[in-house]
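2 protein chains.
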Amino acid sequence: MEKDTANSNINPVRILVVGTGAVGGFYGSRLARAGAEVTTVNRSDYKEVANNGIFIKSIDGDYHFKPHAVLKNVADYQGYPDYILIALKSLPQLDIGKIIAPAVGPKTKIFLLQNGINIEENISVKFLDNEIISGLAFICVNRIKPGHISHLCYGKLVVGAYPDGNSAAVDKLANLFNESKTPCRISESIITERWRKLIWNAPFNPISVLTQTDTQQIMAKPETVTLVRTIMEEVYAVAASVGHILPTDVIDKNIADTEIMRPYKTSMLLDFEENRPMEVEAILGNIVRTAKKSGIMVPHLQTMYELLTLLVRGGGQNQK
Amino acid sequence: MEKDTANSNINPVRILVVGTGAVGGFYGSRLARAGAEVTTVNRSDYKEVANNGIFIKSIDGDYHFKPHAVLKNVADYQGYPDYILIALKSLPQLDIGKIIAPAVGPKTKIFLLQNGINIEENISVKFLDNEIISGLAFICVNRIKPGHISHLCYGKLVVGAYPDGNSAAVDKLANLFNESKTPCRISESIITERWRKLIWNAPFNPISVLTQTDTQQIMAKPETVTLVRTIMEEVYAVAASVGHILPTDVIDKNIADTEIMRPYKTSMLLDFEENRPMEVEAILGNIVRTAKKSGIMVPHLQTMYELLTLLVRGGGQNQK
Numbered sequence: 001m002e003k004d005t006a007n008s009n010i011n012p013v014r015i016l017v018v019g020t021g022a023v024g025g026f027y028g029s030r031l032a033r034a035g036a037e038v039t040t041v042n043r044s045d046y047k048e049v050a051n052n053g054i055f056i057k058s059i060d061g062d063y064h065f066k067p068h069a070v071l072k073n074v075a076d077y078q079g080y081p082d083y084i085l086i087a088l089k090s091l092p093q094l095d096i097g098k099i100i101a102p103a104v105g106p107k108t109k110i111f112l113l114q115n116g117i118n119i120e121e122n123i124s125v126k127f128l129d130n131e132i133i134s135g136l137a138f139i140c141v142n143r144i145k146p147g148h149i150s151h152l153c154y155g156k157l158v159v160g161a162y163p164d165g166n167s168a169a170v171d172k173l174a175n176l177f178n179e180s181k182t183p184c185r186i187s188e189s190i191i192t193e194r195w196r197k198l199i200w201n202a203p204f205n206p207i208s209v210l211t212q213t214d215t216q217q218i219m220a221k222p223e224t225v226t227l228v229r230t231i232m233e234e235v236y237a238v239a240a241s242v243g244h245i246l247p248t249d250v251i252d253k254n255i256a257d258t259e260i261m262r263p264y265k266t267s268m269l270l271d272f273e274e275n276r277p278m279e280v281e282a283i284l285g286n287i288v289r290t291a292k293k294s295g296i297m298v299p300h301l302q303t304m305y306e307l308l309t310l311l312v313r314g315g316g317q318n319q320k
Numbered sequence: 001m002e003k004d005t006a007n008s009n010i011n012p013v014r015i016l017v018v019g020t021g022a023v024g025g026f027y028g029s030r031l032a033r034a035g036a037e038v039t040t041v042n043r044s045d046y047k048e049v050a051n052n053g054i055f056i057k058s059i060d061g062d063y064h065f066k067p068h069a070v071l072k073n074v075a076d077y078q079g080y081p082d083y084i085l086i087a088l089k090s091l092p093q094l095d096i097g098k099i100i101a102p103a104v105g106p107k108t109k110i111f112l113l114q115n116g117i118n119i120e121e122n123i124s125v126k127f128l129d130n131e132i133i134s135g136l137a138f139i140c141v142n143r144i145k146p147g148h149i150s151h152l153c154y155g156k157l158v159v160g161a162y163p164d165g166n167s168a169a170v171d172k173l174a175n176l177f178n179e180s181k182t183p184c185r186i187s188e189s190i191i192t193e194r195w196r197k198l199i200w201n202a203p204f205n206p207i208s209v210l211t212q213t214d215t216q217q218i219m220a221k222p223e224t225v226t227l228v229r230t231i232m233e234e235v236y237a238v239a240a241s242v243g244h245i246l247p248t249d250v251i252d253k254n255i256a257d258t259e260i261m262r263p264y265k266t267s268m269l270l271d272f273e274e275n276r277p278m279e280v281e282a283i284l285g286n287i288v289r290t291a292k293k294s295g296i297m298v299p300h301l302q303t304m305y306e307l308l309t310l311l312v313r314g315g316g317q318n319q320k
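Protein sequence lines, in the order shown, are assigned to chains H and D.
Residues in the first sequence are numbered from 1 upward in steps of one, following this note's numbering.
Residues in the second sequence are numbered from 1 upward in steps of one, following this note's numbering.
There's no promise every hint is true.
Here are the simulated PhoX-like pairs of lysine-lysine, each with C-alpha atoms no more than 25 angstroms apart in a straight line [unchecked claim]:
#1 H:K47 - H:K145
#2 D:K89 - D:K47
#3 D:K156 - D:K89
#4 H:K57 - H:K47
#5 H:K221 - D:K292
#6 D:K145 - D:K72
#7 H:K197 - H:K89
#8 D:K47 - H:K292
#9 H:K265 - H:K253
#10 D:K221 - H:K293
#11 D:K293 - H:K221
#12 H:K197 - H:K292
Restraint-style ranges between C-beta atoms, simulated for each label pair [unchecked claim]:
#13 H:R262 - D:V125: 43 to 51 angstroms
#14 H:Q216 - D:R289: 22 to 30 angstroms
#15 D:R289 - H:A256: 46 to 54 angstroms
#16 D:T248 - H:K156: 50 to 58 angstroms
Just so you know, these hints were derived from the structure itself, not from any lab.
These numbers come from a predicted model, not from an experiment.
We treat Cβ as the ideally placed atom computed from N, Cα and C, and that holds for glycine.
Let's have the full structure, built from the sequences with the hints guiding it.
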């Protein structure tokens, strides 16, 4: 454990990053740049990060991030942090409540920076007296080797109080990000924002895995664009059925944005190629289940969900 | 070119097999066993088959098949055969009419032993005066190396006059097969039989490719069985919309039969694994187009069709 003297100030905001992969490492580094006291939990690359910190090769300029402390386990945290930033993947087999419990104090805010929908409820029920902040990252960022992160494009955040509204803690967090030149917008309807992000993730992630293609290949075939659009319409309908009415042009806009985007491999395809667990439930399973509850037919989502779960289970992917 | 004296008789039925892969080689060998004069067209394994014939390792007992003649090209056929047995794959890029034209005489019957639906029309239009016979093979058979075929299970045929009814030529063909202990049933509604076979092929072939699983893995997951059933219901509805009413228990029966089947890799998955062209249009594309004409929604078939065509095009399969 080493002090990051350069960034320390009198009463720094204390932050614990749980899940210090590409996303956790990147946004943790940004909070540290704004003066927060950022501690990280590292497992596979503990030794590398404890010794040398994290090197970030970024389109905004390369830099180095030396956490206030690097821990092997959440339980090693001294006292309680002001915020726990959770950047673990959304996977059913990860009991995040159990993982973070040792560091959750009476005033600790829990900041879930994860993909998918319906990811907050389990945490919110377990920590009834703690404020939950929900956030979405719009970024292309990869861990290229232990202690090394590559930030390729975008970077902005959308955060909000869970289940909705704003709070002083959200303001404070957003300010830290914005101070470190990491655009962070506050939304008073963060769940609606999750559905909005899902409009893109729900078609592109599964299609990319099932067909092993990047976004450019997907967009090059008009029939596939029609499939993408149809899936987006299903997500739109399910979101509306649970009270999240998205802008009417959200689908056209997502299609248009993807058409001009550089060829991009989805995070799910990268996970698939590396035999890492994929966020199938957070990105597809939870929509399909919500659709069922709402009595909405989602045959295209359903087909892709069943294919993906069979792919994982059947052996097409040998998960680490 | 060598005479197969053992099987020759005074006026043998003359048969030309075009597409002497596993299916063509196997059924050609059965016709030869019944006394027909069977000539084969071989491309990739011409030398091997011309020199040594075809060795068939079969659950019914191993045997050797020496064609009456082995040709490099259809145009090398002497005179015209009574039947041309076409066992080529159903692929849009193969112009079968053009391939067989040199050997089609005024009395030649054209026997299409292929998968899928809507595969006869192009041929029937090109050879208006020739009788078209349509057939389906229910068999597990693979070419394991040049000149060597492995017959693993089943083997029965269903044949009929196209577009429906029976004929003397169909009877004669069926008799040859039955004489060589190759069960061959005559159907007066062969197109209905094609739809019936598609009830199985339409779900299992694409699912197996997209998820790289065998039938046992597919059947082991109840949600996938539900997907299979839903796809079968879509095929059933499309068949009905064009006048082919299948038995009401056809879906239950297909599910039940697959449950007790030995783990089986579909032909499409084998093609995918070997980077060979897949019969995507004959097995999926033609149903989707028929559904569209009939105004029937087939979202599950549509999703799989778009995924498969993207997989082929996008680079997930590098076709030879």
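Okay, the hints, checked on the actual structure:
1. H:K47 - H:K145: holds, 13 angstroms
2. D:K89 - D:K47: Cα-Cα ~22 angstroms, so holds.
3. D:K156 - D:K89: holds, 19 angstroms
4. H:K57 - H:K47: holds, 20 angstroms
5. H:K221 - D:K292: It holds: about 19 angstroms lies between the C-alpha atoms, which stays within 25 angstroms.
6. D:K145 - D:K72: holds, 18 angstroms
7. H:K197 - H:K89: Measuring from Cα to Cα gives roughly 16 angstroms; hence the hint holds.
8. D:K47 - H:K292: violated, 59 angstroms
9. H:K265 - H:K253: holds, 20 angstroms
10. D:K221 - H:K293: Since the Cα atoms of K221 of chain D and K293 of chain H sit roughly 22 angstroms apart, the hinted pair holds (cutoff 25 angstroms).
11. D:K293 - H:K221: Holds, at about 22 angstroms.
12. H:K197 - H:K292: holds, 21 angstroms
13. H:R262 - D:V125: 43 to 51 angstroms: About 47 angstroms separates the Cβ atoms of R262 of chain H and V125 of chain D, which means 43 to 51 angstroms holds.
14. H:Q216 - D:R289: 22 to 30 angstroms: holds, 27 angstroms
15. D:R289 - H:A256: 46 to 54 angstroms: Between R289 of chain D and A256 of chain H, where Cβ atoms are some 29 angstroms apart, the hint is violated.
16. D:T248 - H:K156: 50 to 58 angstroms: Holds, since T248 of chain D and K156 of chain H (Cβ atoms, about 56 angstroms apart) stay within the stated range.
Violated hints for the displayed structure, listed by number in ascending order: 8, 15.
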